[in-house]
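Note that the numbering used here has the sequence shown beginning at 1, numbered continuously upward.
Watch out, some of these pointers could steer you wrong.
Label pairs and their calculated CB-CB ranges [what the hints assert, rightly or not]: (1) D105 / N55: 13 to 23 Å; (2) T3 / G51: 23 to 33 Å; (3) D105 / P132: 11 to 21 Å; (4) A106 / A134: 25 to 35 Å.
No lab work stands behind these hints: they were computed from the structure.
Where a beta carbon is used, it is the ideal one built from N, C-alpha and C, also for glycine.
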Amino acid sequence: MPTPSTYDDANLILRLYELRREDKMRAARKWYMEHFGPHTLAEFRELCPAGSDPNAAFRQVSSYYEMVASFITSGVLNEELYFQSGGELFLVFIRLEPFLGELRDAFKNPGAYRNLEAVAQRYAAYINRNDPNAADAFRARMRAILAK
């Protein structure tokens, strides 16, 4: 049985939402949603060379959602409540997923984005409760957006 959500969970979600609205974060999220879609580490390095604005945007978005995911995996934030409005985390992971293994190998960090991966997998199971194809359909829609 899931742990009931609390006012602290709701307040943390509201604070996380406020952080998403900060100007630099909003610009980074916009760039990530519109342009980030590498399939390999080589494509990532071409799109986001070290020291570039795209690299900074990638790091801002990915580290933000890794932080959010760490709150969930550590039990600080109620997963069920977050999932009711936190679909963007899944999108961030979907865009990172194709080359995540290569990224971990290149940086010699097998734990990179582990929280994000774990929470994204749990989110996929959450949306699949109503329709077993929901997560795959969401992945397909998000990949199609980049293909345009």
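Each hint, compared with the structure:
no. : hint                    : result
1   : D105 / N55: 13 to 23 Å  : holds, 19 Å
2   : T3 / G51: 23 to 33 Å    : violated, 43 Å
3   : D105 / P132: 11 to 21 Å : violated, 32 Å
4   : A106 / A134: 25 to 35 Å : holds, 32 Å
The structure shown violates the earlier hints numbered 2, 3.
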